[in-house]
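Asker: So for the sequence shown, this note's numbering puts the first residue at 491; every next one is plus one.
It should be emphasised that the hints constitute simulated quantities derived from the structure, not laboratory data. Predicted model, so just to flag it, every value in this text is computed and none were measured. Treat the hints with caution; some may be incorrect.
[Said to hold, decoys possible] Simulated crosslink set (DSS-like; lysine-lysine; CA at most 30 Å straight-line):
1. 562 with 643
2. 562 with 507
3. 658 with 562
4. 643 with 658
5. 643 with 507
[Said to hold, decoys possible] Between beta-carbon pairs, the in silico distance windows are:
6. 525 with 555: 18 to 24 Å
7. 576 with 640: 27 to 33 Å
8. 502 with 595: 30 to 36 Å
9. 517 with 642: 17 to 23 Å
Ideal placement from N, C-alpha and C gives every residue a C-beta, glycine not left out.
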Amino acid sequence: MRIIAGTARSRTLQAPKGMDTRPTLDRVRENLFNILGHSVYDARVLDLFAGSGALSFEALSRGASMAVLVDKARPAHLCQRQNAESLGFTDRCRILLCPWERAVDTLQREGARFDLVFLDPPYAMTDLTEVTAALLPLLAEDGQVIVEHEANKPSRVTPELALTDTRKYGYAGLSIYRPQTLNSSAAE
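Please build the complete structure, drawing on both the sequences and the hints.
Answerer: Below you can see the structure in the form of structure tokens.
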């Protein structure tokens, strides 16, 4: 697994050993970042269920200003730290070892806002209504939530988010959402 583009292009990423983590495939990441385009530059990134941190590190390599990586699994957490250090991104990363609920609560209390939120939960976790509802106060005005899911089984999200794009890549699917208020005001 490698960084595809940007300042850390072609640098290798470590992934946690075992079956608990499913790193986003290189071609899926490449297509996702082609879709996101310039919105990555200077973005504040939140990566829940971060695993190896590949999505955050790709965003940082492409010019994101900072990233918060969250995972409750110690092997993933250690891997994220190792990747951040080897890529030289430690000054732009905050790596949290805790459940998503605690991380979101802490970030809300701190008044944090994010332009891009990556959600790559286990594929069996198909109901993300609670997660995405909790994320709403953390989204910047034009923020986007990107969910990776099994290709033919999109995750359920809060109705306050509107689907703006969806793609399939073999067994993996990506869905991109924005807050409803943006879509309704843009249509007027």
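Asker: Work down the list of hints and note, for each, if the structure agrees.
Answerer: Status of each hint after checking the structure:
no. : hint                     : verdict
1   : 562 with 643             : 24 Å, holds
2   : 562 with 507             : 15 Å, holds
3   : 658 with 562             : 27 Å, holds
4   : 643 with 658             : 10 Å, holds
5   : 643 with 507             : 26 Å, holds
6   : 525 with 555: 18 to 24 Å : 20 Å, holds
7   : 576 with 640: 27 to 33 Å : 31 Å, holds
8   : 502 with 595: 30 to 36 Å : 34 Å, holds
9   : 517 with 642: 17 to 23 Å : 18 Å, holds
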